Amino acid sequence: MPKSVQHELDGLYEVIKTIYPKGQGADRPPIGIERMLRIHLLQHWFNLSDPAVKEHLYDSRATRRFVGIDLGREPAPDETTIFKLRHLLEVHHLGDRLFTLVSQ
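In this text, residue positions in the sequence shown follow the numbering used here: the first is 0, and each later residue adds one.
Derived by calculation from the structure, the hints in this document are not laboratory data.
Treat the hints with caution; some may be incorrect.
[Claimed, not checked] In silico DSSO-like pairs for lysine-lysine, Cα to Cα no more than 27 angstroms straight-line:
id	residue 1	residue 2
1	K83	K21
2	K83	K53
3	K16	K53
4	K83	K16
5	K21	K53
[To be verified] Estimated spans, in silico, between C-beta atoms of each pair:
id	residue 1	residue 2	range
6	K21	R96	31 to 37 angstroms
7	W44	H6	25 to 31 angstroms
8	F98	A61	28 to 34 angstroms
9	H6	Y57	28 to 34 angstroms
10	S59	E33	29 to 35 angstroms
11	E89	E13	28 to 34 angstroms
12	T17	Y57	16 to 22 angstroms
13	R72	R96	18 to 24 angstroms
14	H6	H91	19 to 25 angstroms
15	D77	N46	27 to 33 angstroms
16	R96	L70	26 to 32 angstroms
17	T99	E73	28 to 34 angstroms
18	E33	D77	15 to 21 angstroms
Every value quoted in this text rests on a predicted model; they were computed, and no experiment measured them.
In this text, a Cβ means the ideal position worked out from N, Cα and C, and glycines have one as well.
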């Protein structure tokens with residue numbers, strides 16, 4: 000990814016942090032926003048459903064490296080977690096902004 004796009008994504012991470020769950024309560028701690036956004040990008044680049052992107056993370060070492068997941072230390076996010084991020088982006092109209100940034 001070009002440095003200018005990474006810079007823009009860093010700004011988007013900051014915006015999303017304000018609406019992203021903080022992990023309070025009995026739920027599992029949330030997965031970092033940068034990882035989740037990278038998973039979201041993979042879904043669109045490879046036209047993957049929520050279950051398919053999860054499987055892709057288990058099947059592809061390159062994908063895991065891009066996202067930053069070490070299966071020896073943690074599992075890939077489940078389908079519900081992936082869905083919740085996508086829904087959060089849609090509700091706050093951030094999906095279009097994200098794809099405008101990365102398609103430059």
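Hint check results:
1. Distance check on the hinted pair: K83 and K21 sit about 13 angstroms apart at the alpha-carbon level, within 27 angstroms; holds.
2. Between K83 and K53 the alpha-carbon distance is near 14 angstroms, which keeps this suggested pair within the 27 angstroms criterion.
3. Our distance criterion of 27 angstroms between C-alpha atoms is met by K16 and K53, whose separation comes to about 23 angstroms.
4. As the CA atoms of K83 and K16 are separated by approximately 14 angstroms, the hinted pair is consistent with the 27 angstroms bound.
5. The hinted pair formed by K21 and K53 meets the criterion: a straight-line CA distance of about 22 angstroms does not exceed 27 angstroms.
6. Between K21 and R96 the beta carbons are some 22 angstroms apart, a value that contradicts the proposed interval 31 to 37 angstroms.
7. Take W44 and H6: their Cβ atoms lie about 20 angstroms apart, and the range 25 to 31 angstroms is violated.
8. For the hinted restraint 28 to 34 angstroms between F98 and A61, the CB-CB distance of approximately 21 angstroms leaves it violated.
9. Roughly 31 angstroms separates the CB atoms of H6 and Y57, a value that falls within the hinted 28 to 34 angstroms.
10. Our hint of 29 to 35 angstroms for S59 and E33 is violated, since their Cβ atoms are close to 18 angstroms apart.
11. Look at E89 against E13: about 19 angstroms separates their beta carbons, and that is not inside 28 to 34 angstroms.
12. Checked against the hint of 16 to 22 angstroms, the C-beta distance between T17 and Y57 comes to roughly 31 angstroms, which is inconsistent with it.
13. The given range of 18 to 24 angstroms is broken by R72 and R96, whose C-beta atoms sit roughly 32 angstroms from each other.
14. Take H6 and H91: their Cβ atoms lie about 21 angstroms apart, and the range 19 to 25 angstroms holds.
15. A hinted range of 27 to 33 angstroms for the beta carbons of D77 and N46 is inconsistent with their spacing of about 20 angstroms.
16. For R96 paired with L70, a C-beta distance near 31 angstroms keeps the hint of 26 to 32 angstroms intact.
17. Here the CB-CB span from T99 to E73 is close to 31 angstroms, well matched to the stated 28 to 34 angstroms.
18. The beta-carbon spacing between E33 and D77, approximately 18 angstroms, falls within the hinted interval of 15 to 21 angstroms.
The structure does not agree with the numbered hints 6, 7, 8, 10, 11, 12, 13, 15 stated previously, though it agrees with the rest.
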